[in-house]
Amino acid sequence: MLKALLVVALIGALGAGPLGAAPITTEPPWDHGGEDPGPGLGGDPPAVDAENEGGSVTVRVEVAGSTVEGQTFATTSVRKVAPRCWYGRGSSGYDYYEYWKVGGVAREADTLDDYAYQGLLNPNFEAYATETEGAWYEPACRYDVPLDELLAYVAAHPAVYVRPQDPVPVQPAQVDPAVLAQVAFEAMDLPTGEVRWNPRLPGSGATVVNMDTWVWVAGAPVSVAVTASVDSGQWARVDARLDELTVTAPGADPVSCPDSGTPWTAGATSTTCAVTFFRSSANQPVKTGYEVPTATMTITTRWAATWVSSAGGVPTGLPDQELTTTAEIPVAEIQAIVTRG
Amino acid sequence: MRRSQAAGGAGLAVVLLVGGCTAHDPDMPGLTASPTAESTPTATPTPTSTASKIAGTVVDLSDAELGIVFDDVPDLSGDEADVHNWIATFEVEYWRTMTTNTVSPAMSVMASPEVQARMDRMAANNTASGLEVGGELSVTISRIAVSGDTAVGWVCDDFRGAAFADPSGEYTPEQMGADVPIAKDVSLVRGVGEGQWTVATLEDAGSC
Chain A
1 MLKALLVVAL IGALGAGPLG AAPITTEPPW DHGGEDPGPG LGGDPPAVDA
51 ENEGGSVTVR VEVAGSTVEG QTFATTSVRK VAPRCWYGRG SSGYDYYEYW
101 KVGGVAREAD TLDDYAYQGL LNPNFEAYAT ETEGAWYEPA CRYDVPLDEL
151 LAYVAAHPAV YVRPQDPVPV QPAQVDPAVL AQVAFEAMDL PTGEVRWNPR
201 LPGSGATVVN MDTWVWVAGA PVSVAVTASV DSGQWARVDA RLDELTVTAP
251 GADPVSCPDS GTPWTAGATS TTCAVTFFRS SANQPVKTGY EVPTATMTIT
301 TRWAATWVSS AGGVPTGLPD QELTTTAEIP VAEIQAIVTR G
Chain B
1 MRRSQAAGGA GLAVVLLVGG CTAHDPDMPG LTASPTAEST PTATPTPTST
51 ASKIAGTVVD LSDAELGIVF DDVPDLSGDE ADVHNWIATF EVEYWRTMTT
101 NTVSPAMSVM ASPEVQARMD RMAANNTASG LEVGGELSVT ISRIAVSGDT
151 AVGWVCDDFR GAAFADPSGE YTPEQMGADV PIAKDVSLVR GVGEGQWTVA
201 TLEDAGSC
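Just so you know, the protein sequences line up as chains A and B, in that order. Residue numbering for the first sequence follows my numbering, beginning at 1 and increasing consecutively. Residue numbering for the second sequence follows my numbering, beginning at 1 and increasing consecutively.
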């Protein structure tokens, strides 16, 4: 076909082009390998990684933390991530041999011949020269993997030939520690706890205007460590601690607290978190499930987090994470002196 | 689909005591036909040297049979020469892929998985279009810069000597929109072999 094309091109140059020889229909779309394949053509495939080449890495995620009351909590889950390096499917034994053999197409290029000369071809590839079924599985790394990591991976994972009846190589777990850290960070699914307050009038549970309302979150986590690890021994751990708690509610000025508050107990004299309502909740709607108007109090906890990994290094900061919970709190106006409890 | 392949894996040559030689059609490299009884290969010894024969020296990979010519081959040395050579090698195999609609096996040696995916896409799209490409590609490589284990370069692909056809007929470069040379920026990372570089990314860079 190509020889015919060349002949046609020559004829065209002499003035009797293909347009005169036969009617030309609409040009077919042409993909020249650019970023945009052009109209009517399939776009780029999904991002290249082991996952869409048939594998992914299982990550074990362990969450361990403690609450303001000193109780501990722990969960374990499993997630999947794409690795940095993997085994990918390559040519058949026949195609590989034909291309790389002495006298093959590759050997016509000095660079490729030099590559072969350095002994870098797939091990024992001559033994698979007649194999048209199956394929080479070769080590591959994302383009941004550093050279030393690439070299170490390739040295430890030589190409292997996989016949149709053979299992494909297990995808080795080489995961970017930052990816593990991100997995851990995203797995930081913290319990929200239960918002409590005092004063709390018997019956309605209302607090009152113009005096401190102690606010605390029972069962609130105060510290958590989330570890994401893979079988190869790589791990990353996110350490997070409660950094700030803010309380907002209609009829009260917002307050910022350094922790999850101080549970009120008889005889307690001070708290780290109190809000003062200057207006009752009488003007608020009656929410579903309630019999009296309530103010919606929003508690937002901000968590500061850092991560470390098996690769060493100093702790690296992560974006703050916020956790929000709400409570419906009736706010009453009373004229009498209120005694706590 | 490799960025690079196993290092030092070939070891000693394996001798296959079988008869005959594989018939190789130089017009259709990358053809994936099944071997016949006559195509059983003869063993070929594999050198075991770990030293490069050409590192640091610019080579001109123009190949009249394949239909690729390199214009204005620069005079470079050291890493820059190697980077030039591997960009040129990529261009050869890029053109081989385009003219056969079969991704060259060498892509696994010198292109990142991301770039290989684009070659896969190109071959698949042109196959789906029924498009065959031939003629000549003229390539200019320049603006090579090396920094440690990374490098960049610039390529101008001139398809004005190419020929296009599908089952309905033949098309000129003008008809195909290939009458303006296409530039691309290339980034590379050092590979596993001495003097070897791998094409990491390709970015469109307009016309040239």
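Careful: at least some of the hints might be erroneous.
[Unchecked claim] Calculated pairs, SDA-like style, for lysine to any residue (alpha carbon to alpha carbon, straight line, at most 25 Å): (1) A:K80 <-> A:P319; (2) A:K287 <-> A:G317; (3) A:K80 <-> A:P123; (4) A:K287 <-> A:P319; (5) B:K53 <-> A:T326; (6) A:K80 <-> B:A117; (7) B:K53 <-> A:D110; (8) B:K53 <-> A:G103; (9) B:K53 <-> A:K80; (10) A:K80 <-> A:A311; (11) B:K53 <-> A:E108; (12) A:K80 <-> A:D110; (13) B:K53 <-> A:D148; (14) A:K287 <-> A:D148; (15) A:K287 <-> A:E328; (16) A:K80 <-> A:G251; (17) B:K53 <-> B:D75; (18) B:K53 <-> A:L318; (19) A:K80 <-> A:V102; (20) B:K53 <-> A:E328; (21) A:K287 <-> A:L201; (22) B:K53 <-> B:A117; (23) A:K80 <-> A:E149; (24) B:K53 <-> A:L147; (25) B:K53 <-> B:V152; (26) B:K53 <-> A:A64; (27) B:K53 <-> A:N124; (28) B:K53 <-> A:P158; (29) A:K287 <-> A:A311; (30) A:K80 <-> A:G317; (31) A:K80 <-> A:P191; (32) B:K53 <-> B:A165; (33) B:K53 <-> B:E80; (34) B:K53 <-> A:G251.
Since the hints were derived computationally from the structure, they do not count as laboratory data. As the structure is a computational prediction, the values presented were derived from the model and not from experiment.
### Restraint status (C-alpha distance of K80 of chain A to E149 of chain A at most 25 Å)
With Cα atoms ~22 Å apart, K80 of chain A and E149 of chain A stay inside 25 Å; holds.
### Query
Is the hinted pair K53 of chain B and K80 of chain A satisfied, with a Cα-Cα distance of at most 25 Å?
violated (44 Å)
### Pairwise hint evaluation, P123 of chain A against K80 of chain A, where the allowed Cα distance is 25 Å at most
Roughly 31 Å separates the two Cα atoms, so the pair is violated.
### Query
Given the proposed pairing of K53 of chain B with D110 of chain A, does the C-alpha separation stay at or below 25 Å?
Judged against 25 Å, a Cα distance of about 9 Å means the pair holds.
### Message
Checking one constraint from the list: CA of K287 of chain A to CA of E328 of chain A, max 25 Å. Satisfied?
### Response
holds (8 Å)
### Query
Taking 25 Å as the top limit, are the C-alpha atoms of K53 of chain B and D75 of chain B close enough?
OK: K53 of chain B and D75 of chain B at ~18 Å, within 25 Å.
### Task
For the pair we were handed, K80 of chain A and A311 of chain A, check the Cα-Cα distance against 25 Å.
holds (20 Å)
### Query
For the pair supplied as a hint, K53 of chain B and A165 of chain B, is the alpha-carbon distance within the 25 Å limit?
Measuring from Cα to Cα gives roughly 40 Å; hence the hint is violated.
### Message
Hinted pair, alpha-carbon criterion (25 Å max): K80 of chain A, G317 of chain A. Please report holds or violated.
### Response
Answer holds: K80 of chain A to G317 of chain A is near 24 Å, not above 25 Å.
### Task
Starting from K53 of chain B, check that the Cα of E80 of chain B is at most 25 Å away, please.
Holds, because 16 Å separates the two Cα atoms, which is no more than 25 Å.
### Query
Between K287 of chain A and P319 of chain A, is the straight-line Cα distance small enough, at 25 Å or below?
violated (35 Å)
### Task
Mind checking the alpha carbons of K53 of chain B and G251 of chain A for me, to see if they're no more than 25 Å apart?
violated (82 Å)
In this structure, the earlier hints numbered 2, 3, 4, 5, 9, 12, 14, 16, 18, 19, 20, 22, 26, 29, 32, 34 are contradicted, and the remaining ones agree with it.
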